[in-house]
Amino acid sequence: GNSVTQMEGPVTLSEEAFLTINCTYTATGYPSLFWYVQYPGEGLQLLLKATKADDKGSNKGFEATYRKETTSFHLEKGSVQVSDSAVYFCALRLAGSARQLTFGSGTQLTVLP
Amino acid sequence: DTAVSQTPKYLVTQMGNDKSIKCEQNLGHDTMYWYKQDSKKFLKIMFSYNNKELIINETVPNRFSPKSPDKAHLNLHINSLELGDSAVYFCASTRQSTDTQYFGPGTRLTVL
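Keeping their order, the protein sequence lines are chains F and D.
Note that the first sequence covers residues 28 to 140 in the numbering used here.
Note that the second sequence covers residues 5 to 116 in the numbering used here.
It is worth saying that the hints were derived from the structure and are not from the lab.
Beta carbons: idealized from backbone N, C-alpha and C, even for Gly.
Be a bit skeptical, because a hint or two may be false.
SDA-like mimics (lysine to any residue), calculated; alpha carbons at most 20 Å apart, straight line [to be verified]: (1) D:Lys26 with D:Asn61; (2) F:Lys79 with D:Gln100; (3) D:Lys44 with F:Lys79.
Ranges of calculated distance between the beta carbons of each label pair, as one might list FRET restraints [stated by the list, open to error]: (4) F:Thr78 with D:Leu116: 23 to 33 Å; (5) F:Asn49 with D:Val64: 25 to 35 Å; (6) D:Leu87 with F:Lys83: 19 to 29 Å; (7) D:Ala7 with F:Gln108: 21 to 31 Å; (8) F:Asn86 with D:Arg99: 36 to 46 Å; (9) D:Asn55 with F:Asn49: 14 to 24 Å; (10) D:Asn61 with F:Thr78: 24 to 34 Å; (11) D:Leu31 with F:Val109: 45 to 55 Å; (12) F:Lys87 with D:Arg99: 16 to 26 Å; (13) F:Arg94 with D:Asp22: 40 to 50 Å; (14) F:Tyr66 with D:Leu87: 19 to 29 Å; (15) D:Thr102 with F:Pro140: 31 to 41 Å.
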């Protein structure tokens with residue numbers, strides 16, 4: 028079956044630290060990959076996505092590269108801010124799958140000033 | 005301006021009651037979803053409707069019944085509420101030609 032595995036949180040960093048949140052996937056076929064972010068008390072928002080191997084998604088200083096050989100889509104940011112504190116979800120979607128997303132378990136990030 | 009809206013935002017009720025959560029999207033999307041997020045933040049899809057027709061029905065109790073009166077609305081009715089139904093329920097929508105799902109703000113259901 029299809030699944031997404033994220034590094035467990037919570038992750039606590041100081042402002043301006045480097046962030047990596049690991050995400051690996053298992054899928055039958057070639058999925059599109061996503062990172063969603065959930066700020067406190069809000070719904071999920073798309074952060075970035077990549078639809079094929081070696082694509083790099085980027086937004087708001089965050090980046091993730093679709094690595095088919097390692098089935099990974101790790102999220103990185105060079106310098107985090109307090110405002111980046113949120114829960115981050117990695118997700119995949121297979122083509123023709125009624126656009127259903129399969130989510131990882133989420134990683135809570137807290138950035139301290 | 006709200007793209008995907010849900011009502012109510014909070015719902016506190018007693019075991020055994022019946023309640024509904026409403027969802028509306030003004031994005032012109034053709035597919036809508038309901039997700040359940042548990043206390044550990046784990047998200048699981050419950051239902052998906054495309055053009056008012058059910059296309060995904062994951063293993064959820066039949067006490068949960070989605071209803072889509074038109075493409076812009078997908079409501080969730082829950083009968084005989086149980087303690088384990090306490091969670092945050094998210095509605096989402098997407099257009100057929102795109103991967104991006106847009107989520108509502110969530111409805112926090114607490115069953116006492």
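These are the hints, each one checked on the structure:
| no. | hint | verdict |
| --- | --- | --- |
| 1 | D:Lys26 with D:Asn61 | 18 Å, holds |
| 2 | F:Lys79 with D:Gln100 | 18 Å, holds |
| 3 | D:Lys44 with F:Lys79 | 30 Å, violated |
| 4 | F:Thr78 with D:Leu116: 23 to 33 Å | 44 Å, violated |
| 5 | F:Asn49 with D:Val64: 25 to 35 Å | 30 Å, holds |
| 6 | D:Leu87 with F:Lys83: 19 to 29 Å | 44 Å, violated |
| 7 | D:Ala7 with F:Gln108: 21 to 31 Å | 25 Å, holds |
| 8 | F:Asn86 with D:Arg99: 36 to 46 Å | 19 Å, violated |
| 9 | D:Asn55 with F:Asn49: 14 to 24 Å | 38 Å, violated |
| 10 | D:Asn61 with F:Thr78: 24 to 34 Å | 27 Å, holds |
| 11 | D:Leu31 with F:Val109: 45 to 55 Å | 31 Å, violated |
| 12 | F:Lys87 with D:Arg99: 16 to 26 Å | 23 Å, holds |
| 13 | F:Arg94 with D:Asp22: 40 to 50 Å | 48 Å, holds |
| 14 | F:Tyr66 with D:Leu87: 19 to 29 Å | 28 Å, holds |
| 15 | D:Thr102 with F:Pro140: 31 to 41 Å | 37 Å, holds |
This entry does not satisfy hints 3, 4, 6, 8, 9 and 11, going by the numbered hints stated previously.
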